[in-house]
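**Q** Listed below are the residues making up each chain.
There are 2 protein chains.
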Amino acid sequence: MEAIMLELNELEYLHNAAVCVDRLGKIVAVETDCNQQKAIETVYTRLGWSLDNVSVTLARAGQFFFPGFVDTHIHASQYPNVGVFGKSTLLDWLNKYTFPMEASLSSLPKAHRVYTRCIRQTLAHGTTTAAYYATIDVNATNLLADLCYSMGQRAFVGRVCMDHLGPEYYIDESPDQALAATRATIEHIRGLDSGFEIVSPILTPRFAPACSAETMRGLSELQKQTQLPMQTHISENANEIELVKELFPDSKSYANVYDTYGILNEKMILAHAVHLTEEEADLIAERKTKVAHCPVSNSALSSGVARVRWLLEKGIQVGLGTDVSGGYSPSILEAARQAKLVSNHLAMPGGRSDNLPQEERDKSKLSVDEVLYLATKGGAQVVGLADKIGAFQVGMQWDAQLVDLGAVPAEVAEDDFTIDGSVDIFGWEEWDECIAKWVFNGDSRNTKKVWVQGRLVHQQT
Amino acid sequence: MEAIMLELNELEYLHNAAVCVDRLGKIVAVETDCNQQKAIETVYTRLGWSLDNVSVTLARAGQFFFPGFVDTHIHASQYPNVGVFGKSTLLDWLNKYTFPMEASLSSLPKAHRVYTRCIRQTLAHGTTTAAYYATIDVNATNLLADLCYSMGQRAFVGRVCMDHLGPEYYIDESPDQALAATRATIEHIRGLDSGFEIVSPILTPRFAPACSAETMRGLSELQKQTQLPMQTHISENANEIELVKELFPDSKSYANVYDTYGILNEKMILAHAVHLTEEEADLIAERKTKVAHCPVSNSALSSGVARVRWLLEKGIQVGLGTDVSGGYSPSILEAARQAKLVSNHLAMPGGRSDNLPQEERDKSKLSVDEVLYLATKGGAQVVGLADKIGAFQVGMQWDAQLVDLGAVPAEVAEDDFTIDGSVDIFGWEEWDECIAKWVFNGDSRNTKKVWVQGRLVHQQT
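Here the protein sequences line up with chains H and B, keeping their order.
Residue numbers for the first sequence follow UniProt numbering, beginning at 1 and rising by one.
Residue numbers for the second sequence follow UniProt numbering, beginning at 1 and rising by one.
If you are wondering where the hints come from, they were derived from the structure by calculation, not from laboratory data.
As the structure is a prediction and not an experimental result, all values here were calculated from the model.
Don't take every hint at face value.
Once the Cα atoms are required to be at most 16 Å apart in a straight line, the calculated EDC-like pairs of lysine to aspartate or glutamate come out as [as the list claims (entries may be wrong)]:
id, chain 1, residue 1, chain 2, residue 2
1, H, K96, B, E279
2, H, K87, B, D432
3, H, K87, B, E360
4, H, K110, B, E12
5, B, K314, B, D369
6, B, K87, H, E433
7, H, K288, H, E313
8, H, K87, B, D369
9, B, K288, B, E266
10, H, K87, B, E433
11, B, K314, B, E266
12, H, K96, H, E10
13, B, K267, B, D387
14, B, K448, H, E221
15, B, K252, B, E214
16, H, K448, H, D420
17, B, K96, H, D22
18, H, K363, H, E429
19, B, K96, H, D146
20, B, K87, H, D362
21, H, K96, B, D420
22, B, K87, H, D432
23, H, K87, B, E266
24, H, K110, H, D146
25, H, K87, B, E279
26, H, K388, H, E10
27, B, K96, H, E433
28, H, K26, H, E360
29, H, K96, B, E10
30, H, K448, B, D420
31, B, K87, H, E359
32, B, K87, H, E360
33, B, K314, B, E359
34, B, K87, H, D369
35, H, K87, B, D387
36, B, K110, H, E286
37, B, K87, H, D420
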């Protein structure tokens, strides 16, 4: 096989390697410089495997295995609205498009349709793990968990807590009700997947303006009891930040609001983090809190550009989020592409860092390797699964995608060559150039098969 | 049929309309509020058509006809490098990736392979007209023209003039040689398509730093003799602008250099125009010179963000360019999407216009309708074909694409629904929301058929 691994600054290519996965989906051997015959003769023997019980998937010419993508921030309940936002920005977009759609999913047949398609599209785009926001509705949230489990996508499923400032037709009645409803979804998921192996609950205060102090305090308590992860939004949009200042006049900052209520900790995923101050970023780093970078959404809603290099240099762990449907795409590959492009925007003349010398500005730019790292290992860190997913190492899970850039038709007359996707490989490219072509022009056509914990959860028909 | 037309601020939908195209590819009737039976009974009779000689293409549910895209700036010779630029910006990118690739296409078998794939991919993405840069090589440039003609893509094909500052291995020897070589390709194309109906030559000084004064003057003369269009680059990158200042110390500005040599006129297409001064933009408007906006390239090479609204308000006609391979994508739909996103960047806090009030900044944002206008009618204006292409009106050419967003599986159980592309239509969307979904998540899978001048030049297999 050809497998590709990565560190923040460098892709590691495992050419001619065998990765052996057991029945439970765990990687039990990684043998480099290996072909099928050698694997059978040496690795199978060592593992005590017999040929009859092993199923083999080979990467053909032009194909390679890549760790599954981790989407650290996605609203499954907004999936039907992808691409639909007109000229709105965050706060009017919430009221015009988002709340009505979310509220409508209390209809379970509609929720079934929306969530099925969302999971199917994200799997088709290579997302093996997703941190989902559902809605405030318990039954529909439980349904999302059921569907993730049955379709085999590793998922964190969060019932949205919002008992403040929401529209009348879509709001939790009280802190007590919000917490009880949240506990109900936790118990449902425990019944489905007792060890939270594939599907886990995640505590989900929508964002500070939508949560009463009591609800945030209650969620902090619940987290102490359950040790569950938590997710929310921070510092996405200028008007939102103003609103937080008005609502929490005693807090030093937006990050400080969450800190005050005890939920700024290493189990918290903060989406966006576009306009953090130096002090906020330092606090987030100190608390070991994670960041979901959502460049597609931040550009689509004109929110701004998060300074990923700056966050990373502070030691903050960062992953990528599609932020469907603030983001228009269910694809983490698209999020990676846009992460690269918006990081370039930070370096441009006329941009945010215009007062810095060009050399300093250029440091903002993320490389192809770096954005792929954020899409996989970075994401695994953010969702607390860095020991299980995001790479191909013994003891980790086989959460992977088979990527196909197209066989190079060296022997095929150009006139007989048919188009299968937007990536065009000519045959003279280096591996890193092939990867760059995938990042910039790839789409779900290139993702032929997807596995989660060893289970084949998507293949192209 | 469902056909979609557009003005700068508004899409026009022709529901239940018949568009009749004659054998020469010309639209001879557009009948709204019409079905097939009515078309046969009234329009065919009026046109004197008999049923036996008419071929009918219907848009099924979920499909619509859209004007073919116009790519106002694309380097066919750089196509194999799409997505490959590492961390480079314009000037080092030229030396590291671009010049070696272009030079290598003096090998005609290689040029045949590269140009065939480029034309095939751009057709598959709905590009019915392209303004191409080839290379300095006469034979390879002629080959590109031959291939466009035989594959049926409307094209402007430019032999690149560069007799200054280029690398030793890739440079015109002298102004005389540059002009003679250009004349040779013009004569070749005249032999191929005497009226320049499908393929036309276009005069192509690479950019001011790469052209001697004598060459620019010579091209100006040649343009006066031939009335051919011309294309070049302007004000893409800060270092490039500095270089122009050094090379032309007597010129008031970059735009002024072209003006001095008589080539800033209504037949000139200027690519990029990212960092124009107020004075330059006014001069360009006065000369009725056109602009090819290339947002994908400008973000990928960290060049900057062109202020399209500002250009339009000065009365400058603007189209979109992929700028392959400074741009990573052969798709004008991707260029439209990025045109929308980069226009949002102009409105962001921390961006170029940070000193303006938010309301002023928000004016920079382009709508979905507006970027689709740039992709079609705007492009048609830029290449001087506004009377022939870019819309469905009697007397214009049938340059069109059949777009399919997927039949809405209202009656299909969600579990049996298969994925065909990244656009997901649920059935409750308004037309403008379907179009937005196409712009944000569409790709070549949605472009089922493509026609140029009535000839079917692409269909999905």
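**Q** Decide, hint by hint, whether the structure agrees.
**A** Now the hints, each set against the structure:
For a cut-off of 16 Å, the pair hint linking K96 (chain H) to E279 (chain B) is broken: about 41 Å separates their Cα positions. Distance restraint check for K87 (chain H) and D432 (chain B): the Cα-Cα separation of roughly 13 Å lies within the 16 Å cut-off, and the hinted pair is therefore satisfied. The straight-line distance between the Cα atoms of K87 (chain H) and E360 (chain B) is roughly 14 Å, inside the 16 Å bound, and the hint therefore holds. Proposed proximity of K110 (chain H) and E12 (chain B) is contradicted: the alpha carbons are some 31 Å apart, above 16 Å.
Between the alpha carbons of K314 (chain B) and D369 (chain B) the distance comes to roughly 20 Å, so the proposed pair goes past 16 Å and is violated. With a C-alpha separation of about 13 Å, the suggested pairing of K87 (chain B) with E433 (chain H) holds against the 16 Å cut-off. Only pairs whose Cα atoms come within 16 Å are accepted, and K288 (chain H) paired with E313 (chain H) is accepted, the gap being roughly 13 Å. Between K87 (chain H) and D369 (chain B) the CA atoms are separated by roughly 11 Å; this keeps the pair inside 16 Å, and the hint holds.
Restraint check for K288 (chain B) and E266 (chain B): the C-alpha separation of about 5 Å stays at or below 16 Å, so the hint holds. A hinted pair counts as satisfied when its Cα atoms are at most 16 Å apart, and K87 (chain H) with E433 (chain B) qualifies at roughly 13 Å. Using a Cα cut-off of 16 Å, the hinted pair K314 (chain B) and E266 (chain B) holds, with the two alpha carbons roughly 15 Å apart. Under the criterion of a C-alpha separation no larger than 16 Å, the hint pairing K96 (chain H) with E10 (chain H) is inconsistent with the structure, at around 43 Å.
For the hint linking K267 (chain B) to D387 (chain B), the alpha-carbon distance of about 15 Å falls within 16 Å, and the restraint holds. At most 16 Å may separate the alpha-carbon atoms for a hinted pair to count; K448 (chain B) and E221 (chain H) exceed this at roughly 55 Å. The straight-line distance between the Cα atoms of K252 (chain B) and E214 (chain B) is roughly 19 Å, outside the 16 Å bound, and the hint therefore fails. For the proposed pair K448 (chain H) and D420 (chain H), the alpha carbon gap of about 12 Å is at most 16 Å, so the pair holds.
With a C-alpha separation of about 46 Å, the suggested pairing of K96 (chain B) with D22 (chain H) is violated against the 16 Å cut-off. Straight-line distance between C-alpha atoms of K363 (chain H) and E429 (chain H) comes to about 27 Å, which puts the hinted pair past the 16 Å bound. Between K96 (chain B) and D146 (chain H) the CA atoms are separated by roughly 52 Å; this puts the pair beyond 16 Å, and the hint is violated. Restraint check: the Cα-Cα separation between K87 (chain B) and D362 (chain H) comes to about 9 Å, which is no more than 16 Å; the hinted pair holds.
Restraint check for K96 (chain H) and D420 (chain B): the C-alpha separation of about 29 Å exceeds 16 Å, so the hint is violated. With a C-alpha separation of about 13 Å, the suggested pairing of K87 (chain B) with D432 (chain H) holds against the 16 Å cut-off. With a CA separation close to 33 Å, the supplied pair K87 (chain H) and E266 (chain B) exceeds the 16 Å bound. Only pairs whose Cα atoms come within 16 Å are accepted, and K110 (chain H) paired with D146 (chain H) is accepted, the gap being roughly 15 Å.
For the given pair, K87 (chain H) sits about 30 Å from E279 (chain B) by alpha-carbon distance, which is inconsistent with the 16 Å threshold. A threshold of 16 Å between alpha carbons decides the hint, and for K388 (chain H) with E10 (chain H) the separation of about 20 Å lies outside it, so the pair is violated. Between K96 (chain B) and E433 (chain H) the CA atoms are separated by roughly 13 Å; this keeps the pair inside 16 Å, and the hint holds. Distance restraint check for K26 (chain H) and E360 (chain H): the Cα-Cα separation of roughly 43 Å exceeds the 16 Å cut-off, and the hinted pair is therefore not satisfied.
Distance hint between K96 (chain H) and E10 (chain B) is unfulfilled; the C-alpha atoms sit about 21 Å from each other, more than 16 Å. This hinted pair checks out: K448 (chain H) and D420 (chain B) have alpha carbons roughly 13 Å apart, not beyond 16 Å. Restraint check: the Cα-Cα separation between K87 (chain B) and E359 (chain H) comes to about 12 Å, which is no more than 16 Å; the hinted pair holds. Distance hint between K87 (chain B) and E360 (chain H) is fulfilled; the C-alpha atoms sit about 14 Å from each other, no more than 16 Å.
At roughly 20 Å between alpha-carbon atoms, K314 (chain B) and E359 (chain B) are farther apart than 16 Å, so this suggested pair is violated. Note on K87 (chain B) and D369 (chain H): the hinted pairing holds, with a Cα-Cα distance of about 11 Å set against a maximum of 16 Å. The suggested pairing of K87 (chain H) with D387 (chain B) is violated, with an alpha-carbon distance near 31 Å, which exceeds 16 Å. Only pairs whose Cα atoms come within 16 Å are accepted, and K110 (chain B) paired with E286 (chain H) is rejected, the gap being roughly 56 Å.
Between K87 (chain B) and D420 (chain H) the CA atoms are separated by roughly 28 Å; this puts the pair beyond 16 Å, and the hint is violated.
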